[in-house]
Amino acid sequence: MSRYNPKEIEARWQETWERLGTFRVAEDPSREKYYVLEMFPYPSGRIHMGHVRNYTLGDVVARYKRARGYNVLHPMGWDAFGMPAENAAIERKVHPAKWTHENIDTMRSGLKSMGLSYDWSREIATCDPAYYRHEQKIFLDFLAKDLAYRRESWVNWDPVDETVLANEQVIDGRGWRSGAVVVKRRLPQWALRITAYADDLADSLARLGRWPERVRLMQENWIGRSQGLRMFFDLKDRADRLEVFTTRHDTIFGATFCAISPHHPLAEELAAGDAGLAAFIAECNALGTSEEVIERAEKKGYKTPLVALHPFIEGKQLPVFVASFVLMEYGSGAVFGCPGHDQRDLDFSRKYGLPVFPVIAPVGAGADFSIGDTAYLGDGVAINSDFLDGKTVAEAKEEVARRTEAAGSGEPTVTYRLRDWGVSRQRYWGCPIPVIHCPDCGIVPVPEDQLPVILPDDVDLEAPGNPLDRHPTWKHVGCPACGKAAERETDTFDTFVESSWYFARFACAGSDEPLDKAAVAYWLPVDQYIGGIEHAILHLLYSRFFCRALRDCGYIDFDEPFTGLLTQGMVCHQTYVDGDGNLLFPEQVTRRDDGALVHAETGAPVTAGRSEKMSKSRKNVVDPEAIIGAYGADTARLFMLSDSPPERDLDWTDTGVEGAWRYLNRLWRMVSEPAVALPGAGAARPASLGPAAEAAHRAIHKTIAATTGDLERFHFNRAVARVRELCNVLTALSDDDAGAGWVLREGLETVLRLIAPMTPHVAEELWRALGHETMLADVAWPDADPALLTDDIVVVAVQVNGKKRSTLELVRDAAEDVAEAAALADPAVARAIGNKPVRRVIVVPNRIVNVVV
RNA sequence: GCGGGCGUGGCGGAACCGGUAGACGCAGCGGACUUAAAAUCCGCUGGCCUCACGGCCUUGGGGGUUCGAAUCCCUCCGCCCGCACCA
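Numbering that gives the first Met the number 0 numbers the first residue of the first sequence as 0 and each following residue consecutively.
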């Protein structure tokens, strides 16, 4: 048998699987299904190590579940709309569609070289009208159900590029491309009513038992449910009232002012007749939205002529400010300020000379309790608060809520941080929003028989503004209702819309309907979803929302898309810096004989920086295709699995890759040049086994049991370790042991079956080499013989006062007094006890004996 | 500020429910094979004391619970992540 040549065998097995359609699947109600999905990639160019890790993890799960007899759906596609395609168009003068499709072709062949068990017949690209036409249909259904609506919302506007910017495109308050100062601007936008499901999205997190706790917490915080009180303050000399939201109504007697958002309708009304206020609001709008800006921003206010009347103190008047820090989007866009018990209100009050006094005092505080520079946020009892005095915070809240509701001036209410999802983007490379604006009829949905609304090919992406809006003809259409000249909506969807339902489309990729009910009912929900933690909030929350919305539109019968979730860590690599502080690529660095790192060409000294996420800008990337070319996909896959648990960050190291490569070569030799002559495939078990052979036989079955458990729990690194351990046992077998050949064959076959999900090509090849005609991908997972999992003799540790002093070999399940007697008879134990009297002996069967003296 | 996580040899990491800490791998050291090198194979490898037998120490620091703690509790230190003017 020739040497291990991954290039040759990997190509051959990939071709075989494809030719035989090994991983093509169809609905089969007689078999239990299992749907494994990895987050589909954005086709940015070439595959990177993050992809290799993500898709290796998914492939192990898919191949393992397949061996366990499940009907496994394991599809792949492309999240193909998005800004990088437009940027490439501008920078390289290539059409976004061409750029995207070329990238898809490159990445598809990259993924195919990894030997992933995808059903490629289900491949989808979201930029394909065959995909997005269904998304348009779904949007129309949402529209009909009032789950989609149009609203005015504030956006980051780049006045030079005449475009809306995402928050991450605003850098230090300026547009990332134009450098122009970004302003806030109100535009009509399409939104999806995710808040309609806020309670259910929060409550149902508890049902997602196979999701990481961390992700559930992040979602819970993002939804940000908070219980509070909606209160109406009468306004002096006005008929209308001011609505505020508070969670600290216990502090109502400490209220000294009210503050409204610069975007509050009252602020806008007043600004019409007050140039100073109008200027103040403009100033607030000019402020950027980045964290840093907000952090440093002063709490500014503008005093209006409005006066609010305290609901419980007759005649007490509260000035009303327009304040920069009050958000229109949260609560009612108005608050009452209580400086004693809110730090921001306190800072504001000091700045504008408003009175400060406490209304809650910590239990046991003296009568002189007062507020300095720090607001008191803790628990306590009400003071200076009339009918609340002496009540605890909780009691006071209850009392205020009761009286407010009785007076008809408010009620307990729940608010959320979660906002409705704005889905309009002023971009070309996205799914067109299928509506028409008619001067007479208003908004008219595009009739279904006119779907899809297809993106025009001929666009000018370089001029400022929205390319679809600027297109000479595309947007001009007749109104479907009245026939008069009308205009298409020129915004496209946020690309998160495509990824919010693709997992369901995979169940019925060719269907004429958006979703085929029977196919979706069979395959969904996704049993195991695998991807990066960076999608912990938006993508996963949007998908959960979409499921509920699709359910309410009659498409599906479930509401949680992903039963299990695994969030994998990043692939990291050392960074290298030369003497001048320049970053170097790993291939520019070499290790001299004395161990020092030097520049490969110049020999100049190089320092290794810390390990960071692989990224082009840090120059610490390793190209997967180069690794696969040099070592093969199996080595790359094995290394990805063996060194770190999947959810933790993984350090890419050359020595680690070498280790994986060496192991596969060793496995190859163990089969091609077995140390003990092997009987033929399927040979009967010898009548008796020598002691070492018997021990190895047991080790084989223990490894099956342990590895199976590890794979079930996604402990891939442990699974690899156990298989390697078994190989070490098998290596020690020799001709001296009766039945060694038979056990070695059993061991090698077991190793191949256990490792096949991880390194499928070499496993198939060696399976053939062992004389099998079957394809390993079609061979069932091995079963462990329960009789071989426990030993008759167990090693029990003996402690004296909790310190290990000796070990004993005892018969399994020996009686406690037998174990105790054996322990006390042990010389090392006796020495440790000395002449002290034994006070107590604790026996944990088959594990430990602890002698207390 | 709020929320969460992590800390184990030179390194990545094992250790199930509180029961023999350091599996497996990497690196290192020694040996075999070889004219030599690579590859491969065998052995050793947490620290300290000891010629040795053996002993002591050790899971970020300190304290506690327990017969027994990497694991549970308190506290401090360090690192990482998420959210962030949320009323």
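Treat the hints as calculated values from the structure; they're not laboratory data. There could be a bad hint or two in this list.
Using 25 Å as the maximum straight-line C-alpha spacing, the simulated DSS-like pairs for lysine-lysine come out as follows [stated by the list, open to error]:
1. Lys92 x Lys350
2. Lys97 x Lys111
3. Lys474 x Lys136
4. Lys802 x Lys32
5. Lys516 x Lys136
6. Lys803 x Lys111
7. Lys483 x Lys136
8. Lys802 x Lys835
9. Lys235 x Lys299
10. Lys350 x Lys298
11. Lys183 x Lys6
12. Lys302 x Lys350
13. Lys835 x Lys97
14. Lys315 x Lys302
15. Lys97 x Lys183
16. Lys350 x Lys97
17. Lys299 x Lys315
18. Lys111 x Lys32
19. Lys97 x Lys144
20. Lys390 x Lys144
21. Lys474 x Lys516
22. Lys315 x Lys235
23. Lys92 x Lys136
24. Lys6 x Lys111
25. Lys183 x Lys32
26. Lys390 x Lys315
Okay, the hints, checked on the actual structure:
About 55 Å separates the Cα atoms of Lys92 and Lys350, which puts this hinted pair outside 25 Å; it is violated. Under the criterion of a C-alpha separation no larger than 25 Å, the hint pairing Lys97 with Lys111 is consistent with the structure, at around 21 Å. For a cut-off of 25 Å, the pair hint linking Lys474 to Lys136 stands: about 19 Å separates their Cα positions. Taken as a hint, the Lys802 and Lys32 pair is broken in the structure, with Cα atoms around 51 Å apart against an allowance of 25 Å.
A C-alpha spacing of about 16 Å is found between Lys516 and Lys136, which places the hinted pair at or below 25 Å, so the restraint holds. For the proposed pair Lys803 and Lys111, the alpha carbon gap of about 53 Å is over 25 Å, so the pair is violated. Distance hint between Lys483 and Lys136 is fulfilled; the C-alpha atoms sit about 24 Å from each other, no more than 25 Å. Between Lys802 and Lys835 the alpha-carbon distance is near 16 Å, which keeps this suggested pair within the 25 Å criterion.
For the hint pairing Lys235 with Lys299, the CA-to-CA distance comes to about 24 Å; that is within 25 Å, so the pair holds. At most 25 Å may separate the alpha-carbon atoms for a hinted pair to count; Lys350 and Lys298 meet this at roughly 9 Å. Restraint check for Lys183 and Lys6: the C-alpha separation of about 56 Å exceeds 25 Å, so the hint is violated. The suggested pairing of Lys302 with Lys350 holds, with an alpha-carbon distance near 12 Å, which does not exceed 25 Å.
Restraint check: the Cα-Cα separation between Lys835 and Lys97 comes to about 85 Å, which exceeds 25 Å; the hinted pair is violated. In summary, the hint linking Lys315 to Lys302 is supported, as the alpha carbons are separated by about 17 Å, within the 25 Å threshold. Restraint check: the Cα-Cα separation between Lys97 and Lys183 comes to about 34 Å, which exceeds 25 Å; the hinted pair is violated. Of the pairs offered as hints, the one joining Lys350 and Lys97 is violated, with about 58 Å between alpha carbons and a cut-off of 25 Å exceeded.
Pair hint Lys299 plus Lys315 holds up; C-alpha atoms about 24 Å apart against a cutoff of 25 Å. As the CA atoms of Lys111 and Lys32 are separated by approximately 24 Å, the hinted pair is consistent with the 25 Å bound. This hinted pair does not check out: Lys97 and Lys144 have alpha carbons roughly 36 Å apart, beyond 25 Å. Annotation: proposed proximity of Lys390 to Lys144 is violated, straight-line Cα distance about 47 Å (limit 25 Å).
A hinted pair counts as satisfied when its Cα atoms are at most 25 Å apart, and Lys474 with Lys516 does not qualify at roughly 34 Å. Using a Cα cut-off of 25 Å, the hinted pair Lys315 and Lys235 holds, with the two alpha carbons roughly 11 Å apart. Pair hint Lys92 plus Lys136 does not hold up; C-alpha atoms about 33 Å apart against a cutoff of 25 Å. Between the alpha carbons of Lys6 and Lys111 the distance comes to roughly 13 Å, so the proposed pair stays at or under 25 Å and holds.
Note on Lys183 and Lys32: the hinted pairing is violated, with a Cα-Cα distance of about 50 Å set against a maximum of 25 Å. Proximity of Lys390 to Lys315 is assessed by CA-CA distance (about 22 Å); at most 25 Å being required, the pair is judged to hold.
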